[in-house]
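There are 4 protein chains.
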Amino acid sequence: MNELTARIRAFADARDWGVYHTPKNLAMALAGEVGELLAELQWLTPEEAGAVMEDQEAADRIRGELADVTIYLVRLADVLGVDLVETSHAKLDQNELRFPRSVR
Amino acid sequence: MNELTARIRAFADARDWGVYHTPKNLAMALAGEVGELLAELQWLTPEEAGAVMEDQEAADRIRGELADVTIYLVRLADVLGVDLVETSHAKLDQNELRFPRSVR
Amino acid sequence: MNELTARIRAFADARDWGVYHTPKNLAMALAGEVGELLAELQWLTPEEAGAVMEDQEAADRIRGELADVTIYLVRLADVLGVDLVETSHAKLDQNELRFPRSVR
Amino acid sequence: MNELTARIRAFADARDWGVYHTPKNLAMALAGEVGELLAELQWLTPEEAGAVMEDQEAADRIRGELADVTIYLVRLADVLGVDLVETSHAKLDQNELRFPRSVR
Chain G
0 MNELTARIRA FADARDWGVY HTPKNLAMAL AGEVGELLAE LQWLTPEEAG AVMEDQEAAD
60 RIRGELADVT IYLVRLADVL GVDLVETSHA KLDQNELRFP RSVR
Chain C
0 MNELTARIRA FADARDWGVY HTPKNLAMAL AGEVGELLAE LQWLTPEEAG AVMEDQEAAD
60 RIRGELADVT IYLVRLADVL GVDLVETSHA KLDQNELRFP RSVR
Chain V
0 MNELTARIRA FADARDWGVY HTPKNLAMAL AGEVGELLAE LQWLTPEEAG AVMEDQEAAD
60 RIRGELADVT IYLVRLADVL GVDLVETSHA KLDQNELRFP RSVR
Chain D
0 MNELTARIRA FADARDWGVY HTPKNLAMAL AGEVGELLAE LQWLTPEEAG AVMEDQEAAD
60 RIRGELADVT IYLVRLADVL GVDLVETSHA KLDQNELRFP RSVR
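As they're listed, the protein sequences go chains G, C, V and D.
Note that numbering that gives the first Met the number 0 numbers the first sequence so that position 9 is 8, with each residue one more than the last.
Note that numbering that gives the first Met the number 0 numbers the second sequence so that position 53 is 52, with each residue one more than the last.
Note that numbering that gives the first Met the number 0 numbers the third sequence so that position 46 is 45, with each residue one more than the last.
Note that numbering that gives the first Met the number 0 numbers the fourth sequence so that position 102 is 101, with each residue one more than the last.
Only chain G is shown next, with the shape it has when bound in the complex:
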């Protein structure tokens, strides 16, 4: 993850994109890419969506959309100085208190 963050930062720097990569702009770009991901799934039935990765072309498009979402999320977190893995673990710590396990 740190390596991915560094690569995306270097990629943006090499293209002088830092000026565009403000928190607001990156958050908008993230939402735009999530919209493209939704578009891949929106007309599928739940069953079709559950088997979507068996269709090679759809699978490639979905991997591409997941990558775009990840890249903007990682870049936004980098610009804001947030460690995504660390903050996710902290949130899961909270969630474990909020949502008790099922009793079986």
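There are no misleading hints in this set.
Quick list of simulated restraints, FRET-style, between CB atoms:
hint : chain 1 : residue 1 : chain 2 : residue 2 : range
1    : V       : E85       : C       : R6        : 46 to 54 Å
2    : G       : V84       : C       : E47       : 21 to 29 Å
3    : G       : A50       : V       : E47       : 19 to 27 Å
4    : C       : S101      : G       : A5        : 14 to 22 Å
5    : V       : Y19       : G       : E95       : 35 to 43 Å
6    : V       : A5        : C       : N1        : 52 to 60 Å
7    : C       : T4        : V       : A5        : 46 to 54 Å
8    : G       : E47       : D       : A13       : 22 to 30 Å
9    : G       : Y19       : D       : A9        : 39 to 47 Å
Because the hints were derived from the structure by calculation, they are not lab data.
It should be emphasised that the depicted structure is a prediction, and the values quoted were computed from it without experimental measurement.
Positions of the beta carbon are idealized from the N, C-alpha and C atoms, including for glycine.
Once you've looked at the hints, dock chains C, V and D against the given chain G.
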């Protein structure tokens, strides 16, 4: 990242949430959390947004929203069988060909 | 619709919110409200979602989210000088050519 | 607005799209279209975004995206049996109580 994926999977399994965690539902949840992240930034000027992490309360909320986005993204990728780091590197390989570096 | 547009404009003007209501900020707010709408539906099965308006509390929340989405969409269109009804009819004219009717 | 709702309903019926137009699917499609709208604005400065309708090509794309958002919002409301104008006025009634006017 693999550890985070495994923890989120165990968290969902312990609560019998697998039935809710379909690709469509998780994509909707991801979009919902991105919406909450946007809401943290939407009325700020670009300058205010650039300094938002200096405000401790706003910073805590933004870390929490970034965590929620990450958790649903990681969970969705896990359900779809996609390695987010690998697919992001593959996309960056493509992007390096599509977008030439700035000449300086 | 024109009456609604005028009311929302007067509402914003009376609160000196014009300075916040830039196209980018309103587009972010629109996406944020759509996220809240998704959150109302995300964990429901298709059948549950199809009957959601029969649950009075859920129906009230959904009407409220649809109102928030509409208000920001109408406001954004007003700021951009776009007539939503007219542009929607123009798009439907195009869509009628793109998507032929089912033959029965 | 009622005319637009009726036209969109007839358009969907003529193509046998009713089966796809579930509340969840339409909410996802709405979010997808909002994502495309955000993408038109995301890299612009606030000043550029404020003047975006003076660029004829960008203006056409934005009108098209606003139309797509409107069409899915109107269709979703129709499927849910919600009158968007009425519920927006009811929300503005509430908002007028929640947010007092500026004192000048």
